[in-house]
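S.K.: Heads up: the protein sequence lines correspond to chains A and B, in order.
What the first sequence shows, in the numbering used here, is residues 1 to 160, in sequence order.
What the second sequence shows, in the numbering used here, is residues 1 to 195, in sequence order.
In short, the hints are calculated from the structure, not lab data.
Beta carbons: idealized from backbone N, C-alpha and C, even for Gly.
Just the calculated beta-carbon pair ranges, DEER-fashion:
1. A:Glu11 <-> B:Ala34: 40 to 50 Å
2. B:Thr51 <-> A:Glu11: 41 to 51 Å
3. B:Arg53 <-> A:Glu148: 40 to 50 Å
4. A:Glu132 <-> B:Thr172: 43 to 53 Å
5. A:Asn28 <-> B:Arg121: 46 to 56 Å
With the Cβ distance kept under 10 Å, some of the chain B side facing chain A (calculated, not the full set):
6. Ser7
7. Lys43
8. Ile45
9. Phe59
10. Ile67
11. Thr72
12. Ala87
13. Ile92
14. Lys94
15. Val96
16. Lys192
Pairs of lysine to aspartate or glutamate, EDC-like flavour, derived with a Cα cap of 20 Å:
17. B:Lys71 <-> A:Asp155
18. B:Lys193 <-> A:Asp153
19. B:Lys71 <-> A:Glu148
20. B:Lys181 <-> A:Asp151
21. A:Lys37 <-> A:Glu12
22. B:Lys192 <-> A:Glu138
23. B:Lys192 <-> B:Glu10
24. B:Lys192 <-> A:Asp155
25. B:Lys193 <-> A:Asp151
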Amino acid sequence: MVSPQFVMYEEEFNRISAICDRLCRESNSKVVFLVDKNGQLIAAAGQVENLDTTSLASLTAGNIAATGGLAKLIGEKEFSILFHEGERDNLHISIVAGRVILVVIFDGRSSLGLVRLRVKKASQELAVIFDELMRKLEDPAAGSPFAEITDEDIDNLFSD
Amino acid sequence: MSFINYSSREINCKIVYYGPGLCGKTTNLQYIYAKTNPEAKGKMISLATETERTLFFDFLPLSLGEIRGFKTRFHLYTVPGQVFYDASRKLILKGVDGVVFVADSQLERMEANLESMENLRVNLAEQGYDLRAIPYVLQYNKRDLPNAASIEELHRLLNPDNVPEFQSIAATGWGVFDTLKAIAKLVLQELKKGR
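Isolated chain B, as found in the complex:
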């Protein structure tokens, strides 16, 4: 749910990065944080375990510039990917405006991708959202790994609805901003449609 503040002339939107454990959600945010001008970003918060696994969420506030005199701010969140943190994932999806699903391209993670995507669909439905009706893009991460599945195979398995899809290597940043721009655009287009 976007938040439009006429008084401070701001639009705030919430984007959630979803996907199986260790697929690179936090890495996406870390790269965005590292490559954004200081004046356009806030502090990045990571609620993680001692071994740097996301425990609750990562949070990164970003400003993208102005539209018709309104500052556009995006709040980027990641969810904890590990299966047993499902209660936390549900909480983070509350009020979401757009979802990026980060898939792990490695063949042996295909089942984890499918399970996480189904989990996303179920958790969104619990909040009254339909994955096919909200701004949603896919990112095929870890394209540099030797055991990565082909794009055709990933598309066939994970993208039956033909939503925008991007290849990435989040660790080097390749594809990270393309994904972010795509989801931000979709969210703003949705805002334009209104109710």
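Chain A on its own, in the form it takes in the complex:
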């Protein structure tokens, strides 16, 4: 059965954000962000002020989904790394722990080699956190964090 919810708790979020921040610094990148395979933004670090991270997240997930579809057609499980080279900025996209997407945007101040190296290390650390998170979510005692919302709460959203 498909898990109906993906929950991110404060503690894990802080650890994930710290890793993204460090990756951004150590790889000399402009932006680092993490996206769920369904296109939801999980965390972002770096110069994100003028960036439409919501659109980036959705398109990245679409991109990974499309290349994943291509991979299956030729008998591969997935393409775990994608690299897009631009005139100024480049995109390095990789899959972490089989379920989240790590995106690094970098320019001439960094290099593909450095980014790949730092991404590898950060991915291992992120994988550990996501494994823990998944175990937490599978715990039947976790329950739905929204069990207590009422029909009235929902109706109020649409009252206008």
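Please arrange chain B on chain A, whose structure you already have, making use of the hints.
M.R.: Coordinates of chain B only, in the frame set by chain A:
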């Protein structure tokens, strides 16, 4: 699959508009985009061909307000309706929380409606979802066209399970928000049930 983020206090849900080619899925999103306050919406993205047929998907992020201190965000997607884009449709259904099926009311499109609905059922089943078990509403679009089938006929053919159904003229916006509100409500009610 909804995404609840305790840190940013957000709930994110994914709604997919499904239906045969040219039934008005993109038009639904365009109307919602045009009529929503700038602060409640993000950019609308359309991956379309030069002739404005959807190639991969349209995407529109919407904020509906807060529930118990959590911002509710809905990500609206459309699928490409044309039959040969089936591989893309499957990808877009991944992680879906609710489906709107937009049916074309025109008599001559009835077969296309039925084919698309069957395609939806099959593609959902491949992902482990049962159409009868997930939030799902029907929209009978293009009610203004002279060759539109009667509501009774559409209901008989397309809605055997009696899910919520709405009439619409997406080009003018009539029925578009009623449909959106209905599916958003169902998705939140599902969230309340949890696992």
